[in-house]
Amino acid sequence: MAQRVQAFQAFAETLDQQVDGIYAKLEKIARENLAEALSSPHYTGPQKVAMIQFKMLEEASGLDLPPLLVKGRILEDIHRMSLWTQLPGEFQSEEEAVEAVGKLSRSEQSNIKDLHGVIFPFVKKYLGMSEAEFWMAARNKSNIREVVPYMKAVITGELSNRDSVNEAVQRLQESAGSDKADIVVEHIIELASAETNKSLRQYLRPVVPIQAALLRRNGTSYFIAEVDTDDTQRLLSSTMFVIDHVNLEEYTPQQVPMVRRLMGG
Numbered sequence: 001m002a003q004r005v006q007a008f009q010a011f012a013e014t015l016d017q018q019v020d021g022i023y024a025k026l027e028k029i030a031r032e033n034l035a036e037a038l039s040s041p042h043y044t045g046p047q048k049v050a051m052i053q054f055k056m057l058e059e060a061s062g063l064d065l066p067p068l069l070v071k072g073r074i075l076e077d078i079h080r081m082s083l084w085t086q087l088p089g090e091f092q093s094e095e096e097a098v099e100a101v102g103k104l105s106r107s108e109q110s111n112i113k114d115l116h117g118v119i120f121p122f123v124k125k126y127l128g129m130s131e132a133e134f135w136m137a138a139r140n141k142s143n144i145r146e147v148v149p150y151m152k153a154v155i156t157g158e159l160s161n162r163d164s165v166n167e168a169v170q171r172l173q174e175s176a177g178s179d180k181a182d183i184v185v186e187h188i189i190e191l192a193s194a195e196t197n198k199s200l201r202q203y204l205r206p207v208v209p210i211q212a213a214l215l216r217r218n219g220t221s222y223f224i225a226e227v228d229t230d231d232t233q234r235l236l237s238s239t240m241f242v243i244d245h246v247n248l249e250e251y252t253p254q255q256v257p258m259v260r261r262l263m264g265g
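Numbering (the working numbering), first residue to last: 1 to 265.
If you are wondering where the hints come from, they were derived from the structure by calculation, not from laboratory data.
Please read all numbers here as calculations on a predicted model, not as lab measurements.
Every residue, glycine too, gets a C-beta built ideally from N, C-alpha and C.
Keep in mind that a hint or two might mislead.
To be verified - Simulated pairs of lysine-lysine, DSS-like, Cα-Cα distance not exceeding 27 Å: (1) 103 with 48; (2) 180 with 103; (3) 25 with 113; (4) 141 with 198; (5) 124 with 48; (6) 141 with 113; (7) 113 with 124; (8) 48 with 28; (9) 25 with 103; (10) 103 with 28; (11) 103 with 125; (12) 125 with 113; (13) 28 with 125; (14) 180 with 141; (15) 25 with 180; (16) 48 with 113; (17) 48 with 125; (18) 103 with 113; (19) 25 with 48; (20) 125 with 141; (21) 125 with 25.
Unchecked claim - Here are the in silico distance ranges between beta carbons for each label pair: (22) 24 with 194: 32 to 40 Å; (23) 118 with 202: 18 to 26 Å; (24) 27 with 110: 44 to 52 Å; (25) 16 with 161: 18 to 26 Å; (26) 82 with 31: 45 to 53 Å.
Working from the sequences, and respecting the hints, build out all of it.
In structure tokens form, the structure reads like this:
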């Protein structure tokens, strides 16, 4: 226990220095890589700032807390100054620009923004926990990533577009014995500190078997199932299927080749 406390204190004391050091190193790398563009009169000052920030984001790597805080700082700057609008080329949204130029997937963008803009400020204000304390309270980094959407839903009070998240929030409130955000969030942190990632994931997202039918015609088998949003994501992430997306508001079932074969057409 004493060793863990000492490790935490050392980590907390050097965190700001690590973040500042990584940020400075990334800026130096970005400026060196963009030296020719930064010396060109063809780009405005805001455009050069945008190129530097996006290059820093592209070069940033690592899933530990210091690089995550650096990415959060860069994303905050990009959003606050609308730097994505200053990039050469045209992008329809900030998320599109960050994904294409900053090489940061939309899921990782969302995860970092939620931690940086919602969860860290909340646990600091209402639970008295610094970023380092929160980070080290969880069993591992995977557990932190696992609980982010549920903590965000609890803190903001906004329903998720995923039914499984809303159902999990209700279960968490019941097991915490309260619907107060600080109590539920503290309960989630306790779960993250006590459970393995597998058991935590099973608790938050219990896997319900997909109800399906296996249809046979003329020696050929057809698999059909009614799925919700979460089931769809599970299927899409599987390497077992190559799935064609067909909107039945635009096409009749008979226009789908597989359905046509099933119906004997």
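A quick look at each hint next to the structure:
1. 103 with 48: At roughly 18 Å apart (the allowed maximum being 27 Å), residue 48 and residue 103 satisfy the hint.
2. 180 with 103: The hint is violated at about 37 Å.
3. 25 with 113: holds (22 Å)
4. 141 with 198: With Cα atoms ~13 Å apart, residue 141 and residue 198 stay inside 27 Å; holds.
5. 124 with 48: violated (34 Å)
6. 141 with 113: Roughly 16 Å separates the two Cα atoms, so the pair holds.
7. 113 with 124: OK: residue 113 and residue 124 at ~16 Å, within 27 Å.
8. 48 with 28: holds (14 Å)
9. 25 with 103: This hinted pair holds, its Cα atoms lying about 18 Å apart.
10. 103 with 28: holds (19 Å)
11. 103 with 125: violated (32 Å)
12. 125 with 113: Roughly 17 Å between the alpha carbons, so the hint for residue 125 and residue 113 holds.
13. 28 with 125: Violated - the C-alpha atoms of residue 125 and residue 28 are around 34 Å apart, more than 27 Å.
14. 180 with 141: holds (25 Å)
15. 25 with 180: Answer violated: residue 25 to residue 180 is near 41 Å, above 27 Å.
16. 48 with 113: Holds, at roughly 24 Å.
17. 48 with 125: Not satisfied, since the Cα-Cα distance of roughly 36 Å exceeds 27 Å.
18. 103 with 113: holds (15 Å)
19. 25 with 48: With a Cα-Cα distance of about 18 Å, the restraint between residue 25 and residue 48 holds, given a limit of 27 Å.
20. 125 with 141: This hinted pair holds, its Cα atoms lying about 22 Å apart.
21. 125 with 25: Outside the cut-off at roughly 30 Å; violated.
22. 24 with 194: 32 to 40 Å: holds (37 Å)
23. 118 with 202: 18 to 26 Å: holds (25 Å)
24. 27 with 110: 44 to 52 Å: violated (25 Å)
25. 16 with 161: 18 to 26 Å: violated (36 Å)
26. 82 with 31: 45 to 53 Å: Taking Cβ atoms as reference, residue 82 and residue 31 lie about 22 Å apart, which means the hint is violated.
The earlier numbered hints that this structure contradicts are 2, 5, 11, 13, 15, 17, 21, 24, 25, 26.
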